[in-house]
Amino acid sequence: MEQIQEQEYLTTPFEAKRIKDRGLIKKGLIVMENFFIPMVDDLDKLSNFIKDCGTIVDIGSGYGLLVSSLAKLNINKKFLGIDTLYWKQNSFPIPKELPNLKFEFNGVEAMANQDRFGKEIRKFDCVICSWMPQGSDWRKELAKISNKKVILILSENFNTGIAETYCGLGKFGFELIGKAFRSSDSIIQLWDKQKGGLNSSKD
Numbered sequence: 006m007e008q009i010q011e012q013e014y015l016t017t018p019f020e021a022k023r024i025k026d027r028g029l030i031k032k033g034l035i036v037m038e039n040f041f042i043p044m045v046d047d048l049d050k051l052s053n054f055i056k057d058c059g060t061i062v063d064i065g066s067g068y069g070l071l072v073s074s075l076a077k078l079n080i081n082k083k084f085l086g087i088d089t090l091y092w093k094q095n096s097f098p099i100p101k102e103l104p105n106l107k108f109e110f111n112g113v114e115a116m117a118n119q120d121r122f123g124k125e126i127r128k129f130d131c132v133i134c135s136w137m138p139q140g141s142d143w144r145k146e147l148a149k150i151s152n153k154k155v156i157l158i159l160s161e162n163f164n165t166g167i168a169e170t171y172c173g174l175g176k177f178g179f180e181l182i183g184k185a186f187r188s189s190d191s192i193i194q195l196w197d198k199q200k201g202g203l204n205s206s207k208d
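Everything in the sequence shown is counted per our numbering, starting at 6 for the first residue and increasing by one.
Worth flagging that the hints you see were computed from the coordinates, not collected in a lab.
It should be emphasised that the depicted structure is a prediction, and the values quoted were computed from it without experimental measurement.
Cβ coordinates follow ideal geometry from the N, Cα and C atoms, glycine included.
Any given hint could turn out to be false.
As the list claims (entries may be wrong) - Pairs of lysine to any residue residues, derived as SDA-like cross-links and limited to a Cα-Cα distance of at most 20 Å, are as follows:
no.	residue 1	residue 2
1	Lys107	Ile126
2	Lys145	Tyr171
3	Lys77	Gly59
4	Lys153	Lys200
5	Lys22	Leu34
6	Lys198	Ser52
7	Lys83	Ile150
8	Lys83	Ser73
9	Lys107	Gly59
10	Lys198	Ile182
11	Lys124	Leu90
12	Lys82	Lys32
13	Lys128	Glu114
14	Lys83	Ser52
15	Lys25	Glu38
16	Lys83	Asp130
17	Lys198	Arg127
18	Lys93	Lys128
19	Lys93	Met116
20	Lys83	Arg127
21	Lys198	Ile80
22	Lys77	Leu48
23	Lys128	Gln139
24	Lys56	Ile80
25	Lys25	Leu90
26	Lys176	Glu114
27	Lys32	Ala21
28	Lys83	Gly123
29	Lys124	Gly112
30	Lys198	Ser188
31	Lys145	Pro100
32	Lys107	Thr89
33	Lys50	Glu180
34	Lys50	Leu70
35	Lys32	Glu20
Claimed, not checked - The following label-pair restraints were derived from C-beta to C-beta distances:
no.	residue 1	residue 2	range
36	Ile80	Ala115	35 to 43 Å
37	Asp26	Gly175	39 to 47 Å
38	Leu29	Lys128	36 to 44 Å
39	Lys25	Asn152	39 to 47 Å
40	Glu38	Leu103	14 to 22 Å
Please take these sequences and the hints and turn them into a complete structure.
In structure tokens, the structure reads:
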């Protein structure tokens, strides 16, 4: 018997097929190959923002459009795209790697909590996140693995993450550089790490 779920949210063609195969019908499902399609002006602004960064990770890189575009423009920097979709059993098409760009199966929660298992947390000069699972808030994790900067690219219609994710990273030791700017249906925030890092907030 088919189940019907009316909650509206974004998903990839790959995930939409898996949903259909499970017999779950979702009304208002928005299927997009890339949740954020960068324009030339966006790529210029982001490249300028990461000019002092040597290592950049894209959280939930999916089909790799954004991180691949940045890697091609910034060949002297090392990029990594991570996504739980890259698990071998998923048969998800891994994006094409470049000399300065690799992709791997991983998740931000796992990366940010390696210290719980006695392992060193992998850190990057800049962390990019343009998608979060609906109902999630990864701000603390993003801040934890960033040495310098975080780029938040967030859906304007709140189809991903939760409302609090749009309040930014101030409480996690970062300050907004300039004003957030709009690109298509997304809002882009550029965050720089304050001296002293995470503040005392427990939230």
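Results for each hint:
Distance hint between lysine 107 and isoleucine 126 is fulfilled; the C-alpha atoms sit about 18 Å from each other, no more than 20 Å. Taken as a hint, the lysine 145 and tyrosine 171 pair is honoured in the structure, with Cα atoms around 13 Å apart against an allowance of 20 Å. For the suggested pair lysine 77 and glycine 59, the alpha carbons sit about 14 Å apart, so the restraint of at most 20 Å is met. In summary, the hint linking lysine 153 to lysine 200 is supported, as the alpha carbons are separated by about 10 Å, within the 20 Å threshold.
With a CA separation close to 12 Å, the supplied pair lysine 22 and leucine 34 stays within the 20 Å bound. Proposed proximity of lysine 198 and serine 52 is supported: the alpha carbons are some 17 Å apart, at most 20 Å. Between lysine 83 and isoleucine 150, the direct Cα distance comes to roughly 16 Å. Compliance with the 20 Å bound is thereby established for this hinted pair. Between lysine 83 and serine 73, the direct Cα distance comes to roughly 11 Å. Compliance with the 20 Å bound is thereby established for this hinted pair.
Proximity of lysine 107 to glycine 59 is assessed by CA-CA distance (about 14 Å); at most 20 Å being required, the pair is judged to hold. With a C-alpha separation of about 10 Å, the suggested pair lysine 198 and isoleucine 182 falls inside the 20 Å cut-off, and the hint holds. A distance of roughly 24 Å separates the Cα atoms of lysine 124 and leucine 90; the hinted pair therefore is violated under the 20 Å criterion. A hinted pair counts as satisfied when its Cα atoms are at most 20 Å apart, and lysine 82 with lysine 32 does not qualify at roughly 42 Å.
With a C-alpha separation of about 13 Å, the suggested pair lysine 128 and glutamate 114 falls inside the 20 Å cut-off, and the hint holds. Distance check on the hinted pair: lysine 83 and serine 52 sit about 13 Å apart at the alpha-carbon level, within 20 Å; holds. Our distance criterion of 20 Å between C-alpha atoms is met by lysine 25 and glutamate 38, whose separation comes to about 16 Å. Proposed proximity of lysine 83 and aspartate 130 is supported: the alpha carbons are some 10 Å apart, at most 20 Å.
Restraint check: the Cα-Cα separation between lysine 198 and arginine 127 comes to about 17 Å, which is no more than 20 Å; the hinted pair holds. For the hint linking lysine 93 to lysine 128, the alpha-carbon distance of about 25 Å lies beyond 20 Å, and the restraint is violated. For the hint pairing lysine 93 with methionine 116, the CA-to-CA distance comes to about 19 Å; that is within 20 Å, so the pair holds. For a cut-off of 20 Å, the pair hint linking lysine 83 to arginine 127 stands: about 14 Å separates their Cα positions.
At roughly 24 Å between alpha-carbon atoms, lysine 198 and isoleucine 80 are farther apart than 20 Å, so this suggested pair is violated. Under the criterion of a C-alpha separation no larger than 20 Å, the hint pairing lysine 77 with leucine 48 is consistent with the structure, at around 10 Å. For the suggested pair lysine 128 and glutamine 139, the alpha carbons sit about 25 Å apart, so the restraint of at most 20 Å is broken. With a C-alpha separation of about 11 Å, the suggested pairing of lysine 56 with isoleucine 80 holds against the 20 Å cut-off.
Proposed proximity of lysine 25 and leucine 90 is supported: the alpha carbons are some 17 Å apart, at most 20 Å. In summary, the hint linking lysine 176 to glutamate 114 is supported, as the alpha carbons are separated by about 19 Å, within the 20 Å threshold. Among the hinted pairs, lysine 32 with alanine 21 is consistent with the structure: their alpha-carbon atoms are about 12 Å apart, no more than 20 Å. This hinted pair does not check out: lysine 83 and glycine 123 have alpha carbons roughly 26 Å apart, beyond 20 Å.
Among the hinted pairs, lysine 124 with glycine 112 is consistent with the structure: their alpha-carbon atoms are about 15 Å apart, no more than 20 Å. This hinted pair does not check out: lysine 198 and serine 188 have alpha carbons roughly 23 Å apart, beyond 20 Å. For a cut-off of 20 Å, the pair hint linking lysine 145 to proline 100 is broken: about 27 Å separates their Cα positions. Between the alpha carbons of lysine 107 and threonine 89 the distance comes to roughly 14 Å, so the proposed pair stays at or under 20 Å and holds.
At most 20 Å may separate the alpha-carbon atoms for a hinted pair to count; lysine 50 and glutamate 180 meet this at roughly 17 Å. Of the pairs offered as hints, the one joining lysine 50 and leucine 70 holds, with about 16 Å between alpha carbons and a cut-off of 20 Å not exceeded. Restraint check: the Cα-Cα separation between lysine 32 and glutamate 20 comes to about 15 Å, which is no more than 20 Å; the hinted pair holds. Separated by about 29 Å at the C-beta atoms, isoleucine 80 and alanine 115 break the suggested range of 35 to 43 Å.
At about 42 Å, the CB distance of aspartate 26 to glycine 175 agrees with the hint of 39 to 47 Å. For the pair leucine 29 and lysine 128, the supplied restraint of 36 to 44 Å holds, since their beta-carbon distance comes to about 38 Å. For the pair lysine 25 and asparagine 152, the supplied restraint of 39 to 47 Å holds, since their beta-carbon distance comes to about 41 Å. The hinted range of 14 to 22 Å is satisfied by glutamate 38 and leucine 103, whose Cβ atoms lie roughly 19 Å apart.
Checked against the numbered hints given earlier, this structure breaks hints 11, 12, 18, 21, 23, 28, 30, 31 and 36; the rest are met.
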